[in-house]
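Trainee: Letter by letter, the chains look like this.
2 protein chains.
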Amino acid sequence: MIGLGLIGGSLLRAARESGRQVWGFTTSSVDAEAATVDGFTVESGVDGALRLARERDAIVVIAVPLPAVDKTLAAVAAHAPECVLTDVVSVKAPVEMAVRQTASRARYVGGHPMAGTTSSGWAAGSADLFRDASWVLTVEDETDVAAWRDVAQLVLDCGARIVPASAAGHDDAVARISHLPHLLAAVLAAVGADGGDLALALAAGSYSDGTRVAGTRPELVRAMCEGNRGPLLDAVDDALGRLGAARGALASTGSLGATVEAGHRGWQTLQDHRGAPREPGRIDLTAPDVREALLGLGAGGGRIVGLDGDFALTV
Amino acid sequence: MIGLGLIGGSLLRAARESGRQVWGFTTSSVDAEAATVDGFTVESGVDGALRLARERDAIVVIAVPLPAVDKTLAAVAAHAPECVLTDVVSVKAPVEMAVRQTASRARYVGGHPMAGTTSSGWAAGSADLFRDASWVLTVEDETDVAAWRDVAQLVLDCGARIVPASAAGHDDAVARISHLPHLLAAVLAAVGADGGDLALALAAGSYSDGTRVAGTRPELVRAMCEGNRGPLLDAVDDALGRLGAARGALASTGSLGATVEAGHRGWQTLQDHRGAPREPGRIDLTAPDVREALLGLGAGGGRIVGLDGDFALTV
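Protein chains in written order, with UniProt numbering: chain Y, 1 to 315; chain B, 1 to 315.
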């Protein structure tokens, strides 16, 4: 485990609880000491941690912020070049590209656990953080299916459910359902505060809900959103187009019918998605079209909840 | 009480609980029958209900949707022209203007209880609906202070706290903290649903929170937002400007710093507003500058929590 913050630290704990042999490295002396006190092995250098991974054919997990990924990948290329490699960074296409350029012999599977990030650091972590969470694992033409299966087992061992997606598909989805919500919350919080104390005195549920994630630490929001620039620009353009159309309709005809009805339909779609009964199924991981089958599952809103021999068990 | 839906029906119950003699009228036979079954007097015509108000010098409360206000005001002008008059419509300047044009002899005080509206009809109401809620009462140059005091006592009797504001100040504030949140929720819900099942499968707290009020019945959202056209256009323009600036910065420099920091400051402002200790005070309702004092209280985020002789008790 390279990086022992909230996500890396939680994953280290969860992996050990599942019976795996684990060790880690972090540049944070605070996190290193805390993890050591909690009885975990923390190597004093990234090189040593990676050489140990090579010796033991371990899965290497990159759990560092996006700006530190390139440097970590260079160390992977030098000391554990052919290990199974995954990461937990919240954006996938840039990491995928960096791996292909820097550590191309690694058997890489991109990952993104959809788990809370309001606190940070080893101390905030817990082995239960990923229980019942969705965890994206990327599927690309280059994906090594055996490596994918190894990482999938690790994710399942942590109590999470796997959503297979392409790196680009993941980045487009999170731009819409995570990064755009953070930007709109920031915009709303600023417009509301500009209304002064009277406006804030009248603020009730719609405003509290709509601005809640503006309370997230700005550096976390920026890292997440700025790292997903292209897909987020598309999502913002979509939002600007819709909000501009609402503005135009309100100014010209006085009607917000199209905007409000489309929003209500979108809201209903989410409720239907969440309430829909899902058929259990299985995907043969040895089939020649396994990548298409995995991507089809994710595109349809399905998840992998277990592995049984050569089969992924799905809902 | 003209109109016996969620708000009117709750106010009728709360007023009776406070020891007042109450009666009502509604065009809904369902609400009329339900209120009658619950032991309330429901007049068979609006004219009779208003004549009774004139005889007894009662407070007339208009609790009908905005489109029905003009017709109700015409009946007030005909049958109870000089009664103390208030309303509970969610937009204030248009009602204020309609009163001046149609029932100008009424001693009018605009009102807006900031209380939940996800359900509707008499059956959804409760005497407790307004407990600890903020309730705007308008203060204009024309406001009759004695009438204002009568309406204030009614509001306090219902367990609510009074926020004094001008009609225009109220409408600007609710555009920012209620109507814009509904529009942004609609936009986000549509952009998210356009991402398909993969996006919805990955949707977590930020998306659920940001889209929650898109579940409100579209006709309620439209009535509220479309009735506040001018102020809402200003708030939407503010949001469009900020979102457009974020888009430009992300595309050109890759930085969302200004947007995210402003949003976080806005969020912090709301927390500070809510957590700030407030000094108890009093406003002399017989003072010549009482209107300025009331408006100053509301503009500073203050509320009236009681009446004591000629004084309004404030926090």
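If you are wondering where the hints come from, they were derived from the structure by calculation, not from laboratory data.
Careful, some of the hints might be misleading.
Claimed, not checked - Taking CB as the label site, the calculated pair distances span:
#1 Y:237 x B:233: 16 to 24 Å
#2 Y:276 x B:277: 43 to 51 Å
#3 Y:67 x B:233: 57 to 65 Å
#4 Y:119 x B:248: 26 to 34 Å
#5 B:257 x Y:27: 52 to 60 Å
#6 B:248 x Y:265: 38 to 46 Å
#7 B:248 x Y:309: 50 to 58 Å
#8 Y:205 x B:277: 17 to 25 Å
#9 Y:100 x B:204: 36 to 44 Å
Stated by the list, open to error - Heads up, incomplete: computed chain B residues facing chain Y, CB under 8 Å, no partners named:
#10 120
#11 121
#12 123
#13 127
#14 187
#15 229
#16 232
#17 243
#18 248
#19 293
#20 296
#21 306
#22 309
Keep in mind the model is a prediction, meaning the values are calculated, not measured.
Heads up, the beta-carbon is just placed ideally off N, CA and C, and yes, glycines get one too.
Trainee: Tell me the hint numbers this structure goes against, listed in increasing order.
Mentor: The structure breaks hints 3, 5, 6, 9, 10, 11, 12, 13, 18, 19, 20, 21 and 22; every other hint is satisfied.
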